[in-house]
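Undergrad: Produce the complete structure using the sequences and hints provided.
These are the residues of each chain, in order.
Number of protein chains: 4
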Amino acid sequence: MSANWGNNIELSLFGESHGKAIGIVIGNLPAGVALDMDEIRWQMKRRAPGQNKMSTPRVEKDEVQIMSGLLDGVTTGAPLCAMIENSDQHSKDYSLLKECMRPGHSDYPAYVKYHGYNDVRGGGHFSGRLTAPIVFAGSVAKQILRQKGIIVGAHIQSIKDVYDDSFGVDITCEDLQQLTKQQYPTLNSDVFLKMQNVIEDARMKQDSVGGTIECAIINVPAGLGNPFFDSIESHLSPLLFSIPAVKSVSFGMGEKMSELYGHEANDCYYYEGEKVKTKTNHNGGITGGISNGMPIVFKVAIKPTPSISQVQSTINVKTKENTKLEITGRHDPCIVPRAVVVVESMAAIGILDMMKDI
Amino acid sequence: MSANWGNNIELSLFGESHGKAIGIVIGNLPAGVALDMDEIRWQMKRRAPGQNKMSTPRVEKDEVQIMSGLLDGVTTGAPLCAMIENSDQHSKDYSLLKECMRPGHSDYPAYVKYHGYNDVRGGGHFSGRLTAPIVFAGSVAKQILRQKGIIVGAHIQSIKDVYDDSFGVDITCEDLQQLTKQQYPTLNSDVFLKMQNVIEDARMKQDSVGGTIECAIINVPAGLGNPFFDSIESHLSPLLFSIPAVKSVSFGMGEKMSELYGHEANDCYYYEGEKVKTKTNHNGGITGGISNGMPIVFKVAIKPTPSISQVQSTINVKTKENTKLEITGRHDPCIVPRAVVVVESMAAIGILDMMKDI
Amino acid sequence: MSANWGNNIELSLFGESHGKAIGIVIGNLPAGVALDMDEIRWQMKRRAPGQNKMSTPRVEKDEVQIMSGLLDGVTTGAPLCAMIENSDQHSKDYSLLKECMRPGHSDYPAYVKYHGYNDVRGGGHFSGRLTAPIVFAGSVAKQILRQKGIIVGAHIQSIKDVYDDSFGVDITCEDLQQLTKQQYPTLNSDVFLKMQNVIEDARMKQDSVGGTIECAIINVPAGLGNPFFDSIESHLSPLLFSIPAVKSVSFGMGEKMSELYGHEANDCYYYEGEKVKTKTNHNGGITGGISNGMPIVFKVAIKPTPSISQVQSTINVKTKENTKLEITGRHDPCIVPRAVVVVESMAAIGILDMMKDI
Amino acid sequence: MSANWGNNIELSLFGESHGKAIGIVIGNLPAGVALDMDEIRWQMKRRAPGQNKMSTPRVEKDEVQIMSGLLDGVTTGAPLCAMIENSDQHSKDYSLLKECMRPGHSDYPAYVKYHGYNDVRGGGHFSGRLTAPIVFAGSVAKQILRQKGIIVGAHIQSIKDVYDDSFGVDITCEDLQQLTKQQYPTLNSDVFLKMQNVIEDARMKQDSVGGTIECAIINVPAGLGNPFFDSIESHLSPLLFSIPAVKSVSFGMGEKMSELYGHEANDCYYYEGEKVKTKTNHNGGITGGISNGMPIVFKVAIKPTPSISQVQSTINVKTKENTKLEITGRHDPCIVPRAVVVVESMAAIGILDMMKDI
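Chains as they are written, first to last, in the UniProt record's numbering: chain U, 1 to 358; chain Y, 1 to 358; chain L, 1 to 358; chain V, 1 to 358.
Hints in this document: simulated from the structure, not taken from any laboratory.
One or more hints might be untrue.
No distinction is drawn between identical chains; accordingly, a pair holds when it is met within one copy or between any pair of copies.
Straight-line Cα separation of at most 20 Å, DMTMM-like style, residue types lysine to aspartate or glutamate; simulated pairs [said to hold, decoys possible]:
id, residue 1, residue 2
1, Lys20, Glu63
2, Lys277, Glu321
3, Lys98, Asp207
4, Lys275, Asp170
5, Lys20, Asp72
6, Lys148, Asp175
TA: This is the structure we're talking about:
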């Protein structure tokens, strides 16, 4: 499945950056959920470009229209279709991009796969703009999860080589909700200034930088998930790798886990009253593919935006010759801050889909 | 889907460590494939325990029986069912494990999910032993892929903090095939002795260590994969996270990608004759979720075996009290060497499933 | 899966009769297909109401807008989203329908399933109007199939107890294409007048009638399909039962097959030159779930429209009392003629989805 | 999906008639279900051949072995694998069947699909013998459904042109359970003698006959199912069409519905105390794809066994010539009585899969 996803809820993502509209259909949502559209719009604004000098100056209004599935603000149980019309499209000449493959982008693989018929304007269906409907869906999922006490939140873990702290074992819902209120969510409030400098520095060099995002999901009851092909990790990772530019997904301590001794890596259980907890949370709330009741914690790594203004060497698939390419236009020197809410959204969608009793 | 998997080929995994048998059903394989059973047995031996002091002294014969789908050594097109009877089971008393939850294991989440009815003997369905039928399926997949010129291979990238080199941009099929002939495949032949020392040291301390495995798939044609929910990363990662103890999956340079500048991370295209190549392969052969023709390269991180003989603190779910647990029995101080062929197998299964023309 | 469907191509259906819009997303279509939009509009017109006195006088323009996946009239390979805005909605009072459950409709089951939150206006998501986007998708599928020489066509087999002939074993593509040009496609040209009389008679009595539709798919190569869960019958039947009011799906001679002797039912093979044919086609081109190269023939039975103006007894779920209901408004006394193209569409979608090489 | 099936529970069917074994894997069953193996064996005996002169004299012991998922007679939550070894295989010469395609069988389509590599001995994977593991799975499903008060039962509706009565609107669980105790379940006790005569008559003529089976599922709560692609009809029909020889599936009155007026076809609701009922049940307990709380009733038509001893004309795919074929061996003149429990099993599996709260 490529455009469609889900075992329980059902997603269908559509649209191209400079086509008529982008959007998403969300099937199998419970009926009777009163959606807080103001909050949804606010979540979508967290992703929207043009809010400061660190992101692209494009102004995408991202005004979402509900085409179906909502009546008087309440879900009807029928598929919820949200659509965002594309308006701020520049009708510039894209013919060069049909021939000269931008390094690090989908251009060449897509050219081969679609025999040159793919819409290359603004990245077409591969555009990061497609994450706007994802954030819509994620915001809906978050509202439903919140009614069950489940809270999703994330922070920027690093920009290039500037690192924030990691979530502690005692992370709370309040901590997560506080993070969503920060324009650049970090646990250590000092670190973002350094991050900003790194990003600004990259912009001045016509270059770009990447980073990592750490996300936590609190209050997932123990016993959710499965062994093997539908472990929580197996269920969430395809969603996370669907986010353009994500090159790594890790749970708990992730790769660092491989450098520990067993006695360090194991999270020891204890009773706190009747509640089962672990003293550490190196496994990120999941063992054997199933939740243990501790916060589910994971991290994604995002590569630097491939769109840079520096001259790069590449190929021209029409002339079949090696060539040089200079990409012009409006680019984010770093998409990590805008990707935080996208990561949260995928996490919320994935967890909601695993809950049979929604 | 938990036990079943696949869009194109279809897997169904069954069995418990101390049940009657473990096995796998593989549906939708092409008819007319002459399976090299000797090679399959050899691949399965790469995973089997008891071969040296670094792995568990259990002797699992892993003798695979074909129950269906093969006639005169050739696939019939009907589901191929392979079964391995469990023979070397110790009938020791497992009652303690029903009450005392081993840290780092699936015990507690499984206890909650299955209301205490799960088979805890030897880890039950969560046992690493279930990877034996996975290797069977992977070996079949490799043979089919090889007929198309596609080769899968892997090496131990690290054991604890001892690191091997990484695959270079010019890795060849011969390199990969050479690796499979090494009992402990590493690129740098000196490094395994250090790795052995780390493992042996852990064993002496009644502890365990983890590591990482890097895998490459060569000759996947450009244009395989999809944007978003069925990107190559999204397709392979659930399989890789199905391997017990895998906590991280990354493609290309993975997390390190997040520390590069865009001009460093982008892989620049060039023509070598008619063939399109990239000068570097930081993206691991995939951009926009689709293959670009370069080797697909990924890495998984494996946590240290949670079974250690040291005393650990945990809970007793029957008495609802905190307690201490000392696990006896035969354990691998490090499963990484045996996991190499499991990782290769999942990669082969995942890529084969994405090819429509099998 | 409820709103989403497909193994190979991917459908996602959305919309409610009196919501903002209805539509469909079609994923995994091949890139580079030049769509004949005039033909698509003509196919959609075959389904549209308001064309004569036998169907509802509602004028639904069904003007389809392409939101994504098409560039310069050619598919891009990205999901193709088609949308039809709802315009001819009467803002009449639907409060009675929220309480009084119409017999034969989805009202009561939907009331229970959606806890009363479903949109009841015009039938909401259950409206036959949702078949308009299905016809869009089916028309696209037909165009792709036609490039492979595969032709789909159907005729009205019966209206109430007035029966047309059945397809013969030697049905041709030309026959099928001729049928699509008839406003009321029947094989026996005399029979439709009788059918018209039955429908007109039902209208005068404020009643409704049903009927059956027989469909053929010609030139499906032998060897398509699977045994068991993905037999051609198993693949097509869920699509056909998705058409509102279909209560029976049968292949070949269908139920009548159960009254034959084996020697009558078996279709005997013979070579006509190099081509394999059968002397009869009682099995409708499918044995063992797989096509044998003969026309695939099936039949669906459609119940009489449940919307009738006669007084009916029912329940009021608010007052919890038995009551009487008189449905007013514009109703089709018979939807069978309009359903012909819907049946063809589902057949085309189902067959296209089974072809790996699209 | 061909060998695998299910949204919620997961089936994987394997085996060939004369291979080593046939079997099924059932994933995602609830843990903690104590299986009544005696009842399962009895249900399987209802399907087994060799019990009287009306079925094939083959003695298939169908002794089921549980390979995984059951501990001390209780489900563990891990995949339940049941296997039946093939023992009563005649090692006769099957070379003729590799060349001469039996009319009405899967031989020719399978020959094309599998390029001649399919196992033709005893029908291979297409053998009706594969329904034995289906009955195992269905028996498990029935036991779980029964704990929720849901009962499944069926009767022979017709053999050739001898018809039994149909289920009435007031069918009870007791009625259904009574039927399972009859070796040849019919509502009208007189009718089976006539049916027996028809079957015996066919045997004497070296011919075969088919028939129909009507099935009811009682106490399915209102609100189960979905509109469109996952309607109850869409969910059950692929399972029913997976049963070899089924050519028609209809719900409620089925095809006869198409001959009624709307005022006759509509099932009028009324309150009986607090319970909602309908006066008639022409819609078979389903409107809009969703259950209304009345018994779910459907019918399947089964074609006459294609294996007949009469000489038939066919093709030889090796010599590419038309030829004559005389099939020898042990054949059922009528499989309908043995298929009753198979139909019940598929119904139970399908309904269980739709219930999220299992």
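Undergrad: Does each hint hold? Answer for all of them.
TA: Now for the hints, and whether the structure bears them out:
no., hint, result
1, Lys20 with Glu63, "both (13 Å within a copy, 16 Å between copies)"
2, Lys277 with Glu321, "between (61 Å within a copy, 12 Å between copies)"
3, Lys98 with Asp207, "neither (23 Å within a copy, 57 Å between copies)"
4, Lys275 with Asp170, "within (14 Å within a copy, 50 Å between copies)"
5, Lys20 with Asp72, "between (27 Å within a copy, 13 Å between copies)"
6, Lys148 with Asp175, "within (18 Å within a copy, 43 Å between copies)"
The structure shown violates just one earlier hint, number 3.
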